[in-house]
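Colleague: The residues making up each chain are set out below.
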Amino acid sequence: MTQMPCGYAGDRDETLIAYLYDDIDPAARAEFDTHLATCEQCRIELQALGGVRSTLARWNPPELKSLVAGSPPAVRRSWWREIPAWAQVAAALLFLGVSAGIANLDIRYDRNGLAIRTGWSTPPSPRAQSTGATAPIGAASQSNVNAASMADLTALAAALRAEFRSQRATLTPGAPSPRTFAPMARSGAGDTEILRKVRVLIGETERRQERELALRLAQAIGEINAARQADLRRVDLSLNRVENNLGVEVLKNKQSMQYLMRVSQRQ
Amino acid sequence: MTWTDEELVARSISGDADSFNELILRWERPIYALAYRTIGREEDARDVCQETFLRAFRALPGFRGQAKFSSWLYRIALNLCRDWLRRERRAPVVQAPEDVDLMDLAASGEPSESIEDLVARKDLSRAVEKAMALLPEEQRTAIVLKEYHGLTFQEIADLIGCPLSTVKTRLYQGLTVLRRELAKNTAVPKGPART
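Protein sequences appear in the order of chains A and B. First residue of the first sequence? That's 1 in my numbering, and the numbers climb one at a time after it. First residue of the second sequence? That's 1001 in my numbering, and the numbers climb one at a time after it.
Be aware that one or more of the hints could be misleading.
[Claimed, not checked] As a list, the in silico DSS-like pairs of lysine-lysine whose alpha-carbon atoms are at most 30 Å apart: (1) A/65 - B/1130; (2) A/65 - B/1122; (3) B/1184 - B/1122; (4) A/65 - B/1068; (5) B/1184 - B/1130.
[Said to hold, decoys possible] Which chain B residues stay away from chain A? Per the calculated CB distances, all over 10 Å, these: (6) 1004; (7) 1006; (8) 1010; (9) 1014; (10) 1064; (11) 1121.
[As the list claims (entries may be wrong)] Label pairs and their computed distance ranges (CB to CB): (12) A/222 - B/1051: 49 to 55 Å; (13) A/28 - B/1066: 51 to 57 Å; (14) B/1158 - A/26: 18 to 24 Å; (15) B/1001 - A/202: 49 to 55 Å; (16) A/62 - B/1185: 16 to 22 Å; (17) B/1004 - A/60: 26 to 32 Å.
None of these hints come from the bench; they were simulated from the model. C-beta: ideal position from N, C-alpha, C; glycine also.
Starting from the given sequences, assemble the full structure and let the hints guide the process.
Modeller: In structure tokens, the structure reads:
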């Protein structure tokens, strides 16, 4: 079957391209739409050129290493730079305050020395710490120690070790009863207790990390401000030096001019 | 707050170096892509890109804002590309290596893309580069500006300094050559026309 020749009245190639890129006025588009309905040649060519465009779209140049050496992209620094220093410090202090509030920070200084306590749970009793027994951390006590103390960790480690030993013993035929090895009761309540302690310890660790982060943030802000101040001072000094040099040059020029004028007047 | 190009230009003219850096960060990729697709050599395209910003910086006090900053930048880059092509007295060089490094491909691809897809994509890129290298400079420039930078016919005509109808003719002729060349090397998708 032979293809009918295109009988489009206007500049067919230009209109085809304008139609292909949709950069065409609506009247011309409507007219070409009508033409397309009857012209197979234009339809085929339009489809083929559309295919070429799809292929072209998959050609990407290699990656470019930024020409601005050592500069982070502006979008990442702009928000930070535009906040004034006092607002940055205020934000850091606010963050610290909120963190301390969340962590229920309790700082005491008495005859026992300085004590910092965090967390919502009450500290373990002195008896439990001294014996290393697995007394619950939540037991009522006013001891001024860190909630996740070494004694807690030791007790928890001992309990976990005993738990693992008992599990192993259960799996080993002929092994002694788990109760022989376990200092803690092998009950659901015991497991719950361990889980609770682990959760408390994890909570404490997370809060401590948050506080450290806030502290480092505040330190970093301080350092950045100090560096900026130092840079400004250096720039100021350099400007003064340049101004001085310029002043000297101007003075010299003025003296030369005066000398020339004197000489010319004498002549 | 995001500054417009024109605001950044004004700040650069008054001596704010950061503003000009911002302009570079904003436009370096499009200018590099334009240079790469026009001259076809990675290193030279980078040099052209660098030179474009250098010239723009020097000429900044003379920038009156009669055109968009991007159009002004494109014009500088296109002139530099034209100079390069004339100096080299040759068509763009296709730099694609003959052997495909699968490790490089894997590193550059999308996580979900298989090695077969990556190789096919690389082959397609190479075929396009080869076909584009066959086009006369004017046709290639028109295609690059329209296809990859989304300029209108009128913007291209203003940029190149030729009538609107010439831009369309160059595009038609260029795409027709590409259609023929790509058909030799690849299976051009038969999908509906993109608009």
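Colleague: Mind listing which of the numbered hints don't hold for this structure, in increasing order?
Modeller: 11, 12, 13, 15
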